[in-house]
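Quick note, the sequences are listed as chains S and L, same order. Residue numbers for the first sequence follow this note's numbering, beginning at 288 and rising by one. Residue numbers for the second sequence follow this note's numbering, beginning at 237 and rising by one.
To be clear, the hints were calculated from the coordinates, so they are not data collected in a lab. Watch out, some of these pointers could steer you wrong.
Unchecked claim - Using 20 Å as the maximum straight-line C-alpha spacing, the simulated SDA-like pairs for lysine to any residue come out as follows: (1) L:Lys242 / S:Val454; (2) S:Lys457 / L:Met373; (3) L:Lys242 / S:Phe451; (4) L:Lys242 / S:Lys356; (5) L:Lys349 / S:Leu446; (6) L:Lys349 / L:Met373; (7) S:Lys356 / S:Leu393; (8) L:Lys349 / L:Thr322; (9) S:Lys457 / L:Lys337; (10) L:Lys242 / S:His334; (11) S:Lys457 / L:Ser240; (12) L:Lys344 / L:Thr333; (13) L:Lys349 / S:His334; (14) L:Lys242 / L:Gly252; (15) S:Lys310 / S:Lys457.
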Amino acid sequence: MNRSQAAPAPKKSTLTAFKRFIKTPKGYALGALIFLTLLGSTSPQGHMGIQHAVAAVITAAVFDAAVAKVLSRRITFSTGGVITGLIVADVLSGLDPLYVVVAATLMALASKHLLKRGRKPIFNPAAVGLLAVIGIFGAAESWWAGMSLMPLWYLALMLAVGIFVSVRVKKYPQTLAFMGTYLLGVLAMAYFHLGLASATPADALREPFINSALFLGFFMLTDPPTSPGTTPAQVVFAVITGMVSVGMFMVFGGLTYLLVGLLAGNVFSAALAWTKAPAKRTPKLDTPESASVSGA
Amino acid sequence: MAASTKLLALCTAAVGAVYAGGYVYTQPSAQASGVTPQSSVGGNPSSSPSPSSSPTPSSSSGSAPSSSSGSASSPAAAKVTYRDGTYTGSGSNVYGTLSVKLTVSGGKISSVKITSYNMHYPSSFIYPQIAHEVIQMQTYRVYNITGATASSYNFAEAVYYALQKAKA
Chain S
288 MNRSQAAPAP
298 KKSTLTAFKR
308 FIKTPKGYAL
318 GALIFLTLLG
328 STSPQGHMGI
338 QHAVAAVITA
348 AVFDAAVAKV
358 LSRRITFSTG
368 GVITGLIVAD
378 VLSGLDPLYV
388 VVAATLMALA
398 SKHLLKRGRK
408 PIFNPAAVGL
418 LAVIGIFGAA
428 ESWWAGMSLM
438 PLWYLALMLA
448 VGIFVSVRVK
458 KYPQTLAFMG
468 TYLLGVLAMA
478 YFHLGLASAT
488 PADALREPFI
498 NSALFLGFFM
508 LTDPPTSPGT
518 TPAQVVFAVI
528 TGMVSVGMFM
538 VFGGLTYLLV
548 GLLAGNVFSA
558 ALAWTKAPAK
568 RTPKLDTPES
578 ASVSGA
Chain L
237 MAASTKLLAL
247 CTAAVGAVYA
257 GGYVYTQPSA
267 QASGVTPQSS
277 VGGNPSSSPS
287 PSSSPTPSSS
297 SGSAPSSSSG
307 SASSPAAAKV
317 TYRDGTYTGS
327 GSNVYGTLSV
337 KLTVSGGKIS
347 SVKITSYNMH
357 YPSSFIYPQI
367 AHEVIQMQTY
377 RVYNITGATA
387 SSYNFAEAVY
397 YALQKAKA
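With the rest of the complex left out, here is chain S (with noise of 0.2 Å):
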């Protein structure tokens, strides 16, 4: 596996290292998340979240490539950062001025460069650069990519992608642990009559916000670098993040409620690493597993 041992291979073509990259982990989400986005921006306010999707993707390969540069590593087109930039514009509403859709992709990368822990960032950088934008700049979400703008077979659509693209990076009982969690909350929440008046179980399970929490189960919550690596883990850091999101959402109500649950996942998993062993600052072993989907 270690690269500096292999044999002179001969030169791979494109082709090759095109096929060999859409089938790791990054390769499903990027192509999943560019698949959704171009879906989505053919609602009615599409073609400005697809101009956000653009500057966040070049936003993001331009500062990757620069952080490469200073660090003096190899200067690579950083796959992860347009997974990251991609589930920021995804996010972001449309009607957001472009620089809060930069600013957030900026902040979400350098979390990512910094908040890390060897070399696995600590928090999920897209969920840590859209909380930054909603809270210095009141930044809107739309979650459109989710479907959340578009007629209901298109949530179906969103569901098949997110099924097949958690199974094949090995999360989808992470993703139906804290889809399980977060119903389950909500439907106490609606059996106590637990909640605001402006932020209603009933809300929680209609659109947008049932878009939002499937898109964040599949497309954010199954993030590897920030995510455990073994089932039961991932259940738990699933149920605590569904739980969480659930107390935020009957508590504060807003619309950041999934993502803060997210970030407390994520101190979860962090804490079991830290308890189980002390980061290593080793060479990055060419496997789908270490393979980061909005890391890297």
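Based on these hints, arrange chain L on the given structure of chain S.
For chain L alone, coordinates are given in the frame of chain S:
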């Protein structure tokens, strides 16, 4: 392998059942708050208005006009003239607040832009289509956007207050 696949399929079905149960259980409250896709498009100026379906600013805002006004059948009939310039207005309810900047040119509403938005639902649910309606119909009494009734109310209220400032 087969067992784990069956277990995942079973868990998927269980999560789906929880969602379906929650959806059905919360259906009455969803209908009450107007978040269901079936919620009616209110405020149709050509239909007979009712207090609950008109996008008129809520009475809780104090100086806003009554929603039961019979002028809804012809919103432009009021023949109100506005001074040219740019005016701001805000609307708020339990779902949040929003502000607009409204421009009057040649005595007519020429543009409406949302300047701040802190609502429970995404702004893209109502904007820019509701702004186009304001310009097209030259009134704050616009159609509600289905599924974003509260946001539509706030937008109408914000436009109403901006127009109050613009009155000659």
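Here is how each hint holds up against the structure:
Between L:Lys242 and S:Val454 the CA atoms are separated by roughly 14 Å; this keeps the pair inside 20 Å, and the hint holds. At most 20 Å may separate the alpha-carbon atoms for a hinted pair to count; S:Lys457 and L:Met373 exceed this at roughly 54 Å. Restraint check: the Cα-Cα separation between L:Lys242 and S:Phe451 comes to about 16 Å, which is no more than 20 Å; the hinted pair holds. Between the alpha carbons of L:Lys242 and S:Lys356 the distance comes to roughly 48 Å, so the proposed pair goes past 20 Å and is violated.
The hinted pair formed by L:Lys349 and S:Leu446 fails the criterion: a straight-line CA distance of about 34 Å is larger than 20 Å. Between L:Lys349 and L:Met373 the CA atoms are separated by roughly 16 Å; this keeps the pair inside 20 Å, and the hint holds. The hinted pair formed by S:Lys356 and S:Leu393 meets the criterion: a straight-line CA distance of about 16 Å does not exceed 20 Å. Using a Cα cut-off of 20 Å, the hinted pair L:Lys349 and L:Thr322 holds, with the two alpha carbons roughly 11 Å apart.
Taking the CA atoms of S:Lys457 and L:Lys337, the gap is about 49 Å. The hint is violated against a cut of 20 Å. Using a Cα cut-off of 20 Å, the hinted pair L:Lys242 and S:His334 is violated, with the two alpha carbons roughly 41 Å apart. Annotation: proposed proximity of S:Lys457 to L:Ser240 holds, straight-line Cα distance about 12 Å (limit 20 Å). Restraint check: the Cα-Cα separation between L:Lys344 and L:Thr333 comes to about 25 Å, which exceeds 20 Å; the hinted pair is violated.
Annotation: proposed proximity of L:Lys349 to S:His334 holds, straight-line Cα distance about 18 Å (limit 20 Å). For the given pair, L:Lys242 sits about 15 Å from L:Gly252 by alpha-carbon distance, which is consistent with the 20 Å threshold. Distance hint between S:Lys310 and S:Lys457 is fulfilled; the C-alpha atoms sit about 13 Å from each other, no more than 20 Å.
Figure legend: structure checked against the earlier numbered hints; hints not met, in rising order: 2, 4, 5, 9, 10 and 12.
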